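J.: Chain residues, written in single-letter form:
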Amino acid sequence: MTKIKSLDDLRQRKQQLEQGMEIREKSDHPESLVQIKVAMATCGIASGARAVMNAFVEKIKKEKIPAVVTQTGCMGYCYAEPTVEVKKPGMDPVVFSYVDVAKAEEIVDKYIRNNELLDGILPANYQTI
Amino acid sequence: MYKMQLLVCGGTGCRASASAKIVEKLNESLASHGLTSDAQVVTTGCFGFCEKGPIVKVIPDNTFYTQVKPEDAEEIVAEHILKGRKVKRLLYENPQTEEHVADSKHMGFYQKQMRIALRNCGFIDPENIDEYIARDGYSALAQVISELTPQQAIEMVKQSGLRGRGGAGFPTGLKWEITSKFTADQKYVVCNADEGDPGAFMDRSILEGDPNSVIEAMAICGYCIGANKGLIYIRAEYPLAISRLRIAIRQAREYGLLGDNILGTDFSFDMELRYGAGAFVCGEETALIASMEGKRGEPRVKPPFPAEDGYMHKPTNVNNVETFANIPVIFLKGPEWFASIGTAKSKGTKVFALAGKINNVGLIEVPMGITLREIIYEIGGGIKNGKKFKAVQTGGPSGGCLTEKHLDTPIDFDSLIAAGSMMGSGGMIVMDEDDCMVSIAKFYLEFIVEESCGKCTPCRVGNKRMLEILEKICQGKGNMEDLDHLRNFANVIKDTALCGLGQTSPNPVLSTLDNFYDEYLAHVKDKKCFARKCKALARYTIIPEVCTGCTVCAKNCPVEAITGERRQPHFINQDICIHCGVCYTKCKFNAILVQ
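In order, the protein sequences belong to chains G and C.
For reference, each letter of the first sequence is one residue, going 0 to 128 in numbering that gives the first Met the number 0.
For reference, each letter of the second sequence is one residue, going 0 to 594 in numbering that gives the first Met the number 0.
Treat the hints as calculated values from the structure; they're not laboratory data.
What you are looking at is a predicted structure, and each value in this text was computed from that prediction instead of being measured.
Among these hints, one or two may not hold up.
With a Cα cut of at most 25 Å, we get these calculated DMTMM-like pairs of lysine to aspartate or glutamate [to be verified]: (1) G:Lys4 - C:Glu377; (2) G:Lys86 - G:Asp108; (3) G:Lys13 - C:Glu253.
Here chain G is said to cover these stretches of chain C; the calculated rule only asks that three of the stretch's residues, wherever they fall, bring their Cβ under 8 Å from a Cβ of chain G [to be verified]: (4) 183-193; (5) 250-262.
For each residue, glycine too, the CB sits at the ideal point set by N, CA and C.
Using the sequences plus the hints, can you model the full thing?
T.: This is how it looks when you write it as structure tokens:
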């Protein structure tokens, strides 16, 4: 371990370390963040949901978007996997179907940033706990 | 970067229920599913919800699993981490609605809480200083020593209105100011971690969950009062807190946050641990100092106060663990912010160890001014088994019992004293209709008699005499004079005992005499104990109409007090009966009546 030599040094160190804690800080107030839920049941994983989730995680990290990416179980739309539910603060959740890495980028750029809807939205007719 | 984290409680309570094993199993399962680069297991400090421990919290969806066993680890990983399906059977179930609550923020236990001293407990890994630094750790110290004069810093603590959390509630800023004014070649900062009240575990949990906050605050205090040496007096009964403190001190030294010329300034500060053998009296500051010096742990007359003549006869500032844990936040968020929380004369929050006949036993932190009703019925989830609330004991052996009429009193230092109790260090024991208040008073007095250091006569002899009277009353041999004697003894001890602990030791008796006089009367006059706790006062009889003559009671009676023919009603000879209650528990027909 190298010594911390000054106030600025401590501030820099804090900034570096913050990233590791970001996931916990965000989970403390998820209602104020965009929540991206990737369906990761067997059907979802088989259709490539893991790559989609990684794409979301990296995109929001790179572009510093106030969002939290979580995984969820099968939503029942097995034919349309991978599916992704996006809930923006104060808005109803929207479920996107057939999401791949390119579509993930599009969801962030168009829907999350600008509220533009995309093709392939599934009707959300369920409730979750 | 990890996509998910599993926070596992590593406090003493959850560790006793095998949480270390859970961490091991979770790691094994993650490895077997090839998820070690996606999810990380973090051991944290206490989440507070000890009733339902061990706790595992999954991040980022904030899922709060309760009463997890090591064998559940595989299911959590296979279902939740791999497939994103919450393990419903491990979620908290709301006792009123019987609904499963996944997110801890929606649990009644957490909704009214406000965590300042416990801000990092259950959130960071206490053995990793990096996580503390990521949460603004040591920023307050850095800011104070690089940008403020000691006087300015003391002024901020004074403005915040912070009062000592150890029990008496002395203003912390004022204490620092007084100590700072004495000049000496050496001064000391002492942290009192000798938590001795029965049922209290606030300080232990802070030290186990966030040791760095105390270390940082002690260094700030050192800068303010002009001390370069800190000592933490901790009881050897807290091995986990000791080991985490040692790790934290080592890491802080490696980072140069303790030692010479911290952060390139002229300020140097280092600290050591001192172990106590677990004597209640050593929580009193002069006894604590004597014990640290290697002498007998006995208090002495004040003044001179430790601020002038403390450890090794040098000016010494003694503060409690929880007081210190509040300090960094005051500098980070500002004294005005801190002073905006709480009541007119008690600012900030208070940590309580909630115990007794309550549904949610655990560690809570609430803003000053909250009512007992909110704590007991909303956070605590009400009384166990739907029984009736009777009293709540605050302040440990120095405090008293509060009753139903105090339920809506806002809790702060002054209102609790006005109600005949005190804040104390934060033990809060809830009692229901099955508790006998005379026995409760006796319990605390037994504790005091056991723990009295014996230096002054009022405490050593007076409490012993009071205990003898209470024992007599519980035996059914008390008379009305005894009640007067109790009060007289109590008042004399209050006025003449040497130290604060002795002076407050009669409080449990006085407050039960005030609030539950009818129970004392019942014991003395009618020779009855409503709660049926005082065995000597219980009268067991057999209801002839109900008795089937099965002879079970007679066979089990250890003193052969029960006689009767087979298939005929039996009879208990009251002269022989020793009130053991065996017949009552053995009778299958509820034919035994207890009065």
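J.: All the hints need checking, so say for each whether the structure fits it.
T.: Now for the hints, and whether the structure bears them out:
For a cut-off of 25 Å, the pair hint linking Lys4 (chain G) to Glu377 (chain C) is broken: about 47 Å separates their Cα positions. Straight-line distance between C-alpha atoms of Lys86 (chain G) and Asp108 (chain G) comes to about 15 Å, which keeps the hinted pair within the 25 Å bound. Between Lys13 (chain G) and Glu253 (chain C) the CA atoms are separated by roughly 16 Å; this keeps the pair inside 25 Å, and the hint holds. With 0 residues carrying a beta carbon less than 8 Å from a beta carbon of chain G, the segment 183-193 of chain C misses the three-residue requirement, and the given coverage is violated.
Check on the segment 250-262 of chain C: 6 of its residues sit with their Cβ under 8 Å from a Cβ of chain G, so the three-residue criterion for coverage holds.
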